[in-house]
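Student: Keeping their order, the protein sequence lines are chains A and D. To get our numbering, take the position in the first sequence, counting from 1, and add 862. To get our numbering, take the position in the second sequence, counting from 1, and add 77.
Check each hint, because a few of them may be wrong.
Stated by the list, open to error - Selected chain D positions facing chain A (Cβ under 7 Å, derived; list incomplete):
#: 1; residue: 442
#: 2; residue: 461
#: 3; residue: 513
Unchecked claim - Just some of the chain D residues that point at chain A, by a computed CB distance under 10 Å:
#: 4; residue: 133
#: 5; residue: 244
#: 6; residue: 302
#: 7; residue: 306
#: 8; residue: 310
#: 9; residue: 311
#: 10; residue: 468
#: 11; residue: 470
#: 12; residue: 559
#: 13; residue: 563
#: 14; residue: 600
#: 15; residue: 680
#: 16; residue: 685
#: 17; residue: 687
#: 18; residue: 689
#: 19; residue: 691
What the hints assert, rightly or not - Label pairs and their computed distance ranges (CB to CB):
#: 20; chain 1: D; residue 1: 459; chain 2: A; residue 2: 977; range: 18 to 26 Å
#: 21; chain 1: D; residue 1: 470; chain 2: A; residue 2: 888; range: 22 to 30 Å
#: 22; chain 1: A; residue 1: 944; chain 2: D; residue 2: 459; range: 42 to 50 Å
#: 23; chain 1: A; residue 1: 924; chain 2: D; residue 2: 526; range: 38 to 46 Å
#: 24; chain 1: A; residue 1: 934; chain 2: D; residue 2: 671; range: 31 to 39 Å
#: 25; chain 1: D; residue 1: 647; chain 2: A; residue 2: 924; range: 30 to 38 Å
#: 26; chain 1: A; residue 1: 866; chain 2: D; residue 2: 611; range: 25 to 33 Å
#: 27; chain 1: A; residue 1: 973; chain 2: D; residue 2: 403; range: 48 to 56 Å
#: 28; chain 1: A; residue 1: 1013; chain 2: D; residue 2: 100; range: 40 to 48 Å
Everything labelled a hint here was simulated from the structure, so no lab data went into it. The beta carbon of each residue, even a glycine, is placed where N, CA and C say it ideally should be.
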Amino acid sequence: MKQKRSLLVILAVVAILGATWSHVLLTTPPQKTLDQEVQDVGSQLKCLVCQGESVADSPALLAQQMRAVIRQQLQSGKSEQDVIQYFQARYGDKILFAPPQRGFDLLAWLVPVAMLLAGALLLFFVVRDWHTSSRGGAEQEDSDLTGVDEAEMERYRRQLEQELADDDPLFAQSTIEEAG
Amino acid sequence: MHFSDLGSISLILALGFAILTMVVAVLGATRNIPQLVASARRCVLVVAFFLVLASASLIASFLTHDFGLTYVAQHSSLSMPWYYTTAAFYGGQEGSLLYWAMMLSVFSVIFVFTSRRAPAMLVPYVTATLMGIEAFFLLMLTTISSPFVRLPVPLPDGVGLNPLLMDPGMLIHPPTLLMGYMSFSLPFAFAVAAMITGKLDSDWLRSIRRWTLAAWSIQTAGLVLGAWWAYHVLGWGGYWGWDPVENAALFPWLTSTAFLHSAMVQERRGMLKVWNLGLVIASFALSIFGTFEVRSGLISSVHSFAYSAIGGYFLGFLCIVVVFSTGLFIYRLPRLRPEHEFESVVSREGSFLLNNLLLVGITFATLWGTLFPLISQALSRQTQTVGPPFYNSVDGPLFIALVLAMGIGPLLAWRRTSTRTLWRNIGIPALAAAACAAILPLAGIRDIWPNIAFAVCAFTAGAILYEIWRGVRVRHSHGEPYPLAIYMLIHRYRQRYGGYIVHLGLVMLAVGVIGSHFFQAQASATLRPGQEIDIAGYKLVYFGNIAQQYPNVVVETAQLQVWSDGQLQEYIYPGREFYANYSNQPSSLIPITTFGLTDLYVFLDNWNGPAQATFDVFVNPLVPLVWYGALLMLLGGITCWWPEKRRRRIDRSLSPEDIPVTVGARAELSREDTLVVAGRASVIQGTGTQAVAGLTSQAEESDSEVRDLPIGEEGAIT
């Protein structure tokens, strides 16, 4: 009964999510404003006269002029990618604020991903190692416990409850309630 | 006789005493002479005394405007108010090194006074390591980078501080961040001491974790203050630019965060010892690397520091640190066997491993991006810039995965979790995420990435709040009113619930970052009086410019009206300030008006006469959450760190080897609703048991699984 109900809840949630998302994906996305497009293009280009600032963020004169060029080109109907390529053709790759995904610069993108995968793989093997060698270990641990006889266990228990009760008035209260 | 002479003498004496302390402490430990160790501890006080004296004399030189001192003449002027004059103390390289060294000596003193709590065996080596680091800084302060160099002829007035630094942020951000960098020395010193003595037990772990927690909290504060400052003065509408200098501050923060989590695995399960030592060493090495990177000018950055030969010395020091600790590490490797075995990936340990993988992955990716310009320069002869677009697309998804792991972690039990429990626990957070994913697209958020990111945040926030709610409900059902129940829950199990507060803060911060990253609106326009800018429901009407002349500064401001919902909200005055000696580097006055959770950020870009101005206007949604979240994180960090009352003292002289019986992690009490786990030390009739006891209550927890056990903390134990 309870399982049936939770199944229904899951189904309902999936249905609602599916409906909203298909609605979102099927309707056309709202148009970006020109300012936003200029910002988007500008943030992918490096301001060449600045120290580590993008064309979008820099107050330098060159950056202002470049923003004007970007705006002009976007207004004339070019796509964002076209404008970036226009600057890339003029200035070379050094105008890009992130390494291009080709040639030597591809390394910049691949190495972190490769290291992450290697880390995950290493983790997988280490954990599998631990896992297989722990079969014996778990039994060992249980037998540790059985080595303690009942009376001693009872003493530990009482000590533990006492300490817990000292620690936390709520625990003390609940033990008293139980005793009473 | 000038104050600066006193300063130079103090520095030399401090160097002498630092070296003396090192030698005496090591001798005392190896020859086993307690008097020598005690004397080393007192020497630390002497070093601190001389460093405080040196700092005080530098500040006195500033306040008395002793322009015969090069450092004072370069970083202050007569017209500066006293508080910026005092803050100019750490405004340059020499002063910030002195500040670093002074804070290290102060922290060493705190360590000496609290060292009763630390394992006695470690104390001399910790002291020696700290003083070794101190000696390196003092060596530089007395030789190549002394703040007490005098000019042959005193100047009539100084150059003054860079106007960008004349901001309230200057008073708090640099000292906090420098202190953060410095404070990673303490965990490192503990790691070195443990590797030398081979004592890596739970006492050691407790000490090192407390110091790391302190360092982490300070570094968090430093990072956030830096972001806040950048947001308020730089004028590009953002607070984090993935600049090499910012990244440098992030590295030790990331690795120490990883350590704080994996240390819990070591505490509870005795695993990951090697890994944890590595993280502690890495945190310190990265904080030295950061200083090196910043000071050497190796990588071009927005932050302009005075570059000097000092970078080379830091590189040398970094090499010594790495070689020395790697050597020790390899020497100790045989001792570092795990005590327990891993049982299941679906467990709390498993989630901590994932957390560590992600944090170290982010560290590596960011480090790689920061160094890539150098690598590409060396190998392909072309310097390729690596800017925010790279970090956003590489680190962004990793951070989201981290937030997700943060939500899943607390739902899992230690050792292993049954599928049934997992599903039961995951229900509510999953519903929260689903609700978020269903509502936000309808509310107009069409992009896929922010939707995923917000849903993940909702999941994690749901998981944490549900977890806190369950604890509170249990206490409430035993008769405590809700506010008291919340207080008692956090008070009793500080580490656990402090951690949750940090996590909630981070989720809040993440929501702020996602909001401002994806939904920032920007407009720029050149206006004449009466013209207006419309942006994202706000209207700005321009009136004209006002120029004000002060003795040492010219201020140009523009006057604007802010309208929203057809109502005049207020007048704002974005502007620029031109200081006499820095007329080509104007600082900015940026009004940031907060409407609910949205910031309206106006930057005066350019102007022409009294009646024309160019503005950059940004509407930054959710940015205030970044600051609130950070505050919550700090609050959580302090909650975790706050010492507990020491109620009971149990003989510590018993080493674990003396304890014949160890009741394992699974002592289960007869009461159905009470579970007990290991870790608490108590002595019963000469027999030691180790057990941490915790109480979870509710009958629904009775599937005999060890989960959800609030940890009895150190204060309660000892």
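Student: With reference to the structure, classify each hint as holding or not holding.
Tutor: For each hint, the structure was consulted:
no.: 1; hint: 442; in the structure: 4 Å, holds
no.: 2; hint: 461; in the structure: 5 Å, holds
no.: 3; hint: 513; in the structure: 10 Å, violated
no.: 4; hint: 133; in the structure: 36 Å, violated
no.: 5; hint: 244; in the structure: 17 Å, violated
no.: 6; hint: 302; in the structure: 21 Å, violated
no.: 7; hint: 306; in the structure: 16 Å, violated
no.: 8; hint: 310; in the structure: 13 Å, violated
no.: 9; hint: 311; in the structure: 9 Å, holds
no.: 10; hint: 468; in the structure: 8 Å, holds
no.: 11; hint: 470; in the structure: 8 Å, holds
no.: 12; hint: 559; in the structure: 14 Å, violated
no.: 13; hint: 563; in the structure: 13 Å, violated
no.: 14; hint: 600; in the structure: 5 Å, holds
no.: 15; hint: 680; in the structure: 8 Å, holds
no.: 16; hint: 685; in the structure: 13 Å, violated
no.: 17; hint: 687; in the structure: 21 Å, violated
no.: 18; hint: 689; in the structure: 15 Å, violated
no.: 19; hint: 691; in the structure: 8 Å, holds
no.: 20; hint: D:459 to A:977: 18 to 26 Å; in the structure: 23 Å, holds
no.: 21; hint: D:470 to A:888: 22 to 30 Å; in the structure: 27 Å, holds
no.: 22; hint: A:944 to D:459: 42 to 50 Å; in the structure: 24 Å, violated
no.: 23; hint: A:924 to D:526: 38 to 46 Å; in the structure: 31 Å, violated
no.: 24; hint: A:934 to D:671: 31 to 39 Å; in the structure: 35 Å, holds
no.: 25; hint: D:647 to A:924: 30 to 38 Å; in the structure: 35 Å, holds
no.: 26; hint: A:866 to D:611: 25 to 33 Å; in the structure: 54 Å, violated
no.: 27; hint: A:973 to D:403: 48 to 56 Å; in the structure: 23 Å, violated
no.: 28; hint: A:1013 to D:100: 40 to 48 Å; in the structure: 55 Å, violated
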